[in-house]
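Numbers 1 to 259, taken from the working numbering, label the letters of the sequence shown in order.
It should be emphasised that the hints constitute simulated quantities derived from the structure, not laboratory data.
Possibly wrong hints are sitting among the right ones.
To be verified - Across the chosen pairs, the derived CB separations fall in these ranges:
{"#": "1", "residue 1": "Q116", "residue 2": "P49", "range": "18 to 26 Å"}
{"#": "2", "residue 1": "L50", "residue 2": "S207", "range": "21 to 29 Å"}
{"#": "3", "residue 1": "V255", "residue 2": "E46", "range": "33 to 41 Å"}
Just so you know, even glycine gets a beta-carbon here, dropped at the ideal spot from N, CA and C.
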Amino acid sequence: MAKLMAMQRTSRFIFLCAWLCGWCGALAWSGGVYAEITVEPQPACEFNPLEGPEMVLIESGVFSMGSPADEENRASDEGPVHQVAVQAFSLSRCEVTVQEFETFVSETGYITDAEQFDLEGQVKGCFGFAETNAENWRNPGFSQTSQSAVVCVSFRDTQAYSLWLSLRTGQSYRLPSEAEWEYAARGTKATAYPWGKEASHEYANYSGVGARDQWQYTSPVGSFSANDFGLYDMHGNAWEWAEDCWQGDYNGAPVDGSP
1 MAKLMAMQRT SRFIFLCAWL CGWCGALAWS GGVYAEITVE PQPACEFNPL EGPEMVLIES
61 GVFSMGSPAD EENRASDEGP VHQVAVQAFS LSRCEVTVQE FETFVSETGY ITDAEQFDLE
121 GQVKGCFGFA ETNAENWRNP GFSQTSQSAV VCVSFRDTQA YSLWLSLRTG QSYRLPSEAE
181 WEYAARGTKA TAYPWGKEAS HEYANYSGVG ARDQWQYTSP VGSFSANDFG LYDMHGNAWE
241 WAEDCWQGDY NGAPVDGSP
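My request is simple: use the sequences and hints to build the entire structure.
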């Protein structure tokens, strides 16, 4: 489900950054042989419902947002490259976990979109590598632990979680803008990835790059090294939501980091 972010101005505002972007958006290779995870991992980040998640302050700065036209595997909606000035904010060190989301559901009785019925009386389910019904954050169709990044959450689900956490802590949480998220994900680097030009299973839980780790789908948050800002899983593991509506390109996009 992803991360939490906070703008730093006169007073401290915390925004819920980057949840898992799509319903069952796990990014991991589905072939090969994997070791089964049977032991609950220790939390990589602290979380207290009364205090909120562990946050990292990201200083303000200007960066080149988007991907150059000659970058390998570049998508059409990643350009044109443009300069964006981002104000200081704080972002959660780790993605939102199954355990954290379960706390929210237990306290509120919230029912996610994937668990509700459509007009034909069928459970909506969520979308992963195939369209299937009845899958949801509790049972996404693969093994997960309490410290796995929560998946099968919709944009509406992220808004409900953000509101709950805001009321619970007295802070103001929201998703980050796409610019804020990319600025944090780059970790001061201008390359395609913080470690270089190509995806690597040495640094993140990716699909289609060799599957040299023990997780068939999502991994416990913080299983790979943090980036220069000290943030975990900004690449790989799970797609993450942003506050913006999707646009086909960056023509006319805000240059101040706002959604």
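Between Q116 and P49, does the C-beta distance stay in 18 to 26 Å? holds, 24 Å
Verdict for V255, E46 (Cβ pair) under range 33 to 41 Å: Given range 33 to 41 Å: holds, Cβ gap about 35 Å.
Lying within 21 to 29 Å: is that true of the beta-carbon distance L50 to S207? About 37 Å separates the Cβ atoms of L50 and S207, which means 21 to 29 Å is violated.
Taken one by one, the earlier hints fail for this structure only at number 2.
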